[in-house]
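Novice: Residue-level listing of the chains:
2 protein chains.
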Amino acid sequence: MLHRTCLAIALATLALPTLADEAKKAHTPTAKELLAKASPVEWRTPDPQNLVYMDLPQGRVIIELAQDWSPEHAANIRTLIREHYFDGTAVIRVQDNFVTQWGDPDGDDKAKAKSLGTAKQTLPPEFTRKLDKSIPFAKLPDGDVYAPEVGFSDGFPAARDTAHGQAWLTHCYGAVGVARDVGAETGNGSSLYAIIGQAPRNLDRNLAVAGRVIQGMPILSAYPRGGEPMGFYDKPEQRVTIKTVRLAADVPEAERTPIQVLRTDSKTFTAVIDAKRNRKDDFYTLPAGKIDICNISIPVRDPTKKAP
Amino acid sequence: MLHRTCLAIALATLALPTLADEAKKAHTPTAKELLAKASPVEWRTPDPQNLVYMDLPQGRVIIELAQDWSPEHAANIRTLIREHYFDGTAVIRVQDNFVTQWGDPDGDDKAKAKSLGTAKQTLPPEFTRKLDKSIPFAKLPDGDVYAPEVGFSDGFPAARDTAHGQAWLTHCYGAVGVARDVGAETGNGSSLYAIIGQAPRNLDRNLAVAGRVIQGMPILSAYPRGGEPMGFYDKPEQRVTIKTVRLAADVPEAERTPIQVLRTDSKTFTAVIDAKRNRKDDFYTLPAGKIDICNISIPVRDPTKKAP
Numbered sequence: 001m002l003h004r005t006c007l008a009i010a011l012a013t014l015a016l017p018t019l020a021d022e023a024k025k026a027h028t029p030t031a032k033e034l035l036a037k038a039s040p041v042e043w044r045t046p047d048p049q050n051l052v053y054m055d056l057p058q059g060r061v062i063i064e065l066a067q068d069w070s071p072e073h074a075a076n077i078r079t080l081i082r083e084h085y086f087d088g089t090a091v092i093r094v095q096d097n098f099v100t101q102w103g104d105p106d107g108d109d110k111a112k113a114k115s116l117g118t119a120k121q122t123l124p125p126e127f128t129r130k131l132d133k134s135i136p137f138a139k140l141p142d143g144d145v146y147a148p149e150v151g152f153s154d155g156f157p158a159a160r161d162t163a164h165g166q167a168w169l170t171h172c173y174g175a176v177g178v179a180r181d182v183g184a185e186t187g188n189g190s191s192l193y194a195i196i197g198q199a200p201r202n203l204d205r206n207l208a209v210a211g212r213v214i215q216g217m218p219i220l221s222a223y224p225r226g227g228e229p230m231g232f233y234d235k236p237e238q239r240v241t242i243k244t245v246r247l248a249a250d251v252p253e254a255e256r257t258p259i260q261v262l263r264t265d266s267k268t269f270t271a272v273i274d275a276k277r278n279r280k281d282d283f284y285t286l287p288a289g290k291i292d293i294c295n296i297s298i299p300v301r302d303p304t305k306k307a308p
Numbered sequence: 001m002l003h004r005t006c007l008a009i010a011l012a013t014l015a016l017p018t019l020a021d022e023a024k025k026a027h028t029p030t031a032k033e034l035l036a037k038a039s040p041v042e043w044r045t046p047d048p049q050n051l052v053y054m055d056l057p058q059g060r061v062i063i064e065l066a067q068d069w070s071p072e073h074a075a076n077i078r079t080l081i082r083e084h085y086f087d088g089t090a091v092i093r094v095q096d097n098f099v100t101q102w103g104d105p106d107g108d109d110k111a112k113a114k115s116l117g118t119a120k121q122t123l124p125p126e127f128t129r130k131l132d133k134s135i136p137f138a139k140l141p142d143g144d145v146y147a148p149e150v151g152f153s154d155g156f157p158a159a160r161d162t163a164h165g166q167a168w169l170t171h172c173y174g175a176v177g178v179a180r181d182v183g184a185e186t187g188n189g190s191s192l193y194a195i196i197g198q199a200p201r202n203l204d205r206n207l208a209v210a211g212r213v214i215q216g217m218p219i220l221s222a223y224p225r226g227g228e229p230m231g232f233y234d235k236p237e238q239r240v241t242i243k244t245v246r247l248a249a250d251v252p253e254a255e256r257t258p259i260q261v262l263r264t265d266s267k268t269f270t271a272v273i274d275a276k277r278n279r280k281d282d283f284y285t286l287p288a289g290k291i292d293i294c295n296i297s298i299p300v301r302d303p304t305k306k307a308p
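Heads up: the sequence lines are chains A and B, in that order.
With the first letter of the first sequence counted as 1, position 291 gets the number 291 in our numbering; the numbers rise by one all the way through.
With the first letter of the second sequence counted as 1, position 297 gets the number 297 in our numbering; the numbers rise by one all the way through.
Treat the hints with care, since some could be wrong.
In silico lysine-lysine, DSS-like type, Cα no more than 25 Å apart, as pairs [stated by the list, open to error]: (1) K130(B) to K290(A); (2) K267(B) to K290(B); (3) K139(A) to K267(A); (4) K32(A) to K305(A); (5) K130(A) to K32(B); (6) K235(A) to K139(A); (7) K110(B) to K280(B); (8) K32(B) to K243(B); (9) K267(B) to K37(B); (10) K139(B) to K290(A); (11) K37(B) to K243(B); (12) K32(A) to K235(A); (13) K130(B) to K280(A); (14) K139(A) to K280(A); (15) K130(A) to K280(B); (16) K139(B) to K120(B); (17) K243(B) to K114(B); (18) K235(A) to K37(A); (19) K139(A) to K114(B); (20) K290(A) to K290(B); (21) K32(A) to K114(A).
Over 10 Å on every C-beta distance to chain B, these chain A residues come out as not near it, computed from the model [stated by the list, open to error]: (22) D47; (23) R201; (24) I291.
Hints in this document: simulated from the structure, not taken from any laboratory.
Predicted model, so just to flag it, every value in this text is computed and none were measured.
C-beta atoms are modelled at their ideal positions from N, C-alpha and C, and glycine is treated no differently.
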């Protein structure tokens, strides 16, 4: 059996014209190949007012705030950051195949909880947004189990329901949500979670999505899972202390992390999705033909480096 | 705003008859409540010939082999286990939001690779199975982005395509697949991977699923991600050495890990799925109404303990 494989590889190496043509036809371009050819205008530099640097002992996590989707949360999070609320708080909960959550370990204890300073204690839910023609929406044609329509809206995976006039951000891998108490208005951004497993889309429309991790998921996803119910750490020493959280806008330009995100309304992004949807090469012989909104990663690059 | 929440909680505590009735109506049962009422016959004890104990420094991972779906792979893996092939091999690759893979770190180097002993070097692909009325299939009514039909088949999330007469296991969280080279027949079970992120359903029908992790995913999912392309560890010391891999059947009965899995054709399993699909309580006010096959966890329990 190995013999046959070796023969195929050997023939491919010989690159006989007809075989090479066949290979070309069969091979879908890779994301890397497509990104190498992307036009510079297809990359955007996120607004530094919406970029959050969370510095952990293992490195930097960068979050882009969803200003258009949860403006009140974005504003409150900015206030908390600027008043250094998050510095010295911690990763308090890691529930396998679900979320990594951070904030004040004593946040639930009124006597010990850190002051929110001038930030608000409660906020309007911002779980959904009224559907409006001004909301960009590049619809994904593949369908979805949870929502009538899914697609991308200016860098965020989103869903909409035209019948009910609503749009919302989907809880895909890397989504940053606002932890809250039972009441819909009890979230304020002082405790946030990132999705680290199979997209828990049942959270959609029940919690506010405040943004999306655009760098550093491998840090947030690899912390030991907590032993208490819901993944809370049972011993204080298990918590990972957050060094600092800063807004890129407050960091001198020369010290900012160079990062750009591929525009989700660009031709290259559409091509990247299609290449994954119909991936066919020597290894993947059977293309899926479809793709789930949460199986699509939005490419980022360091613009100071040549290759993305 | 907090005041309103407190009032709601206070009223609930008072448990006025009408309010209690309302609460009862609104509250879907939790998985825990449903499992507490499950009949003993709804739980099955996996065949010890199909149960793999992989002992890592962080604890035991238990895999149930998919005997009915990839019998040649199951047989080869049993041979490898019985000849102690895996003992001393390692976790060699962790790619974020994708897979944790283990096997012989020198497996790709013919000169240094560990001998497979009497196990086979190549196997028939077993990526799909011919659709047959004898294959149990509890269809999920929610639809699926990737396959015409999805459901559960004797403990495994599966898909089928009646038009093309095929059935296959889906790459959901915890699925254990057979790593292979380019050729479809180059997999033999000596290197396996577990899905640790958003279900990469494009792998379906392109790789053999050999089983499913039924205990220990929090161990496999929390290893540091590797720095090389595809998440391979760049330094040998980053690899986690596997202590031993044993078949439960080869372990004296008294020393086996007590574990039972909820039957996927049971009424309780259907109720657990429905409770998650339509979850509505004080926290989740808007039920999703739908559920993705890969958002469903199959409950397990320690039958020596009272509560599951």
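Novice: Next step is simple, just say for each hint if it's right about the structure.
Specialist: Taking the hints in turn, this is what the structure says about them:
Taking the CA atoms of K130(B) and K290(A), the gap is about 22 Å. The hint holds against a cut of 25 Å. For the suggested pair K267(B) and K290(B), the alpha carbons sit about 18 Å apart, so the restraint of at most 25 Å is met. Distance restraint check for K139(A) and K267(A): the Cα-Cα separation of roughly 13 Å lies within the 25 Å cut-off, and the hinted pair is therefore satisfied. Between K32(A) and K305(A), the direct Cα distance comes to roughly 14 Å. Compliance with the 25 Å bound is thereby established for this hinted pair.
Between K130(A) and K32(B), the direct Cα distance comes to roughly 36 Å. Violation of the 25 Å bound is thereby established for this hinted pair. Restraint check for K235(A) and K139(A): the C-alpha separation of about 45 Å exceeds 25 Å, so the hint is violated. For the given pair, K110(B) sits about 56 Å from K280(B) by alpha-carbon distance, which is inconsistent with the 25 Å threshold. A threshold of 25 Å between alpha carbons decides the hint, and for K32(B) with K243(B) the separation of about 34 Å lies outside it, so the pair is violated.
Distance check on the hinted pair: K267(B) and K37(B) sit about 11 Å apart at the alpha-carbon level, within 25 Å; holds. Note on K139(B) and K290(A): the hinted pairing holds, with a Cα-Cα distance of about 20 Å set against a maximum of 25 Å. Pair hint K37(B) plus K243(B) does not hold up; C-alpha atoms about 38 Å apart against a cutoff of 25 Å. For the given pair, K32(A) sits about 43 Å from K235(A) by alpha-carbon distance, which is inconsistent with the 25 Å threshold.
As the CA atoms of K130(B) and K280(A) are separated by approximately 23 Å, the hinted pair is consistent with the 25 Å bound. Under the criterion of a C-alpha separation no larger than 25 Å, the hint pairing K139(A) with K280(A) is consistent with the structure, at around 23 Å. Taken as a hint, the K130(A) and K280(B) pair is honoured in the structure, with Cα atoms around 23 Å apart against an allowance of 25 Å. At roughly 35 Å between alpha-carbon atoms, K139(B) and K120(B) are farther apart than 25 Å, so this suggested pair is violated.
For the proposed pair K243(B) and K114(B), the alpha carbon gap of about 16 Å is at most 25 Å, so the pair holds. Pair hint K235(A) plus K37(A) does not hold up; C-alpha atoms about 50 Å apart against a cutoff of 25 Å. Our distance criterion of 25 Å between C-alpha atoms is broken by K139(A) and K114(B), whose separation comes to about 50 Å. Pair hint K290(A) plus K290(B) holds up; C-alpha atoms about 19 Å apart against a cutoff of 25 Å.
Between the alpha carbons of K32(A) and K114(A) the distance comes to roughly 45 Å, so the proposed pair goes past 25 Å and is violated. Residue placement check: D47(A) keeps its beta carbon more than 10 Å from all beta carbons of chain B (closest about 26 Å). The Cβ of R201(A) does not lie farther than 10 Å from every Cβ of chain B; its closest approach is about 6 Å, which violates its non-interface assignment. Not every C-beta of chain B lies more than 10 Å from that of I291(A), the closest at about 7 Å, which undercuts listing it as non-interface.
Hint check: violations occur at hints 5, 6, 7, 8, 11, 12, 16, 18, 19, 21, 23, 24; the rest are consistent with the structure.
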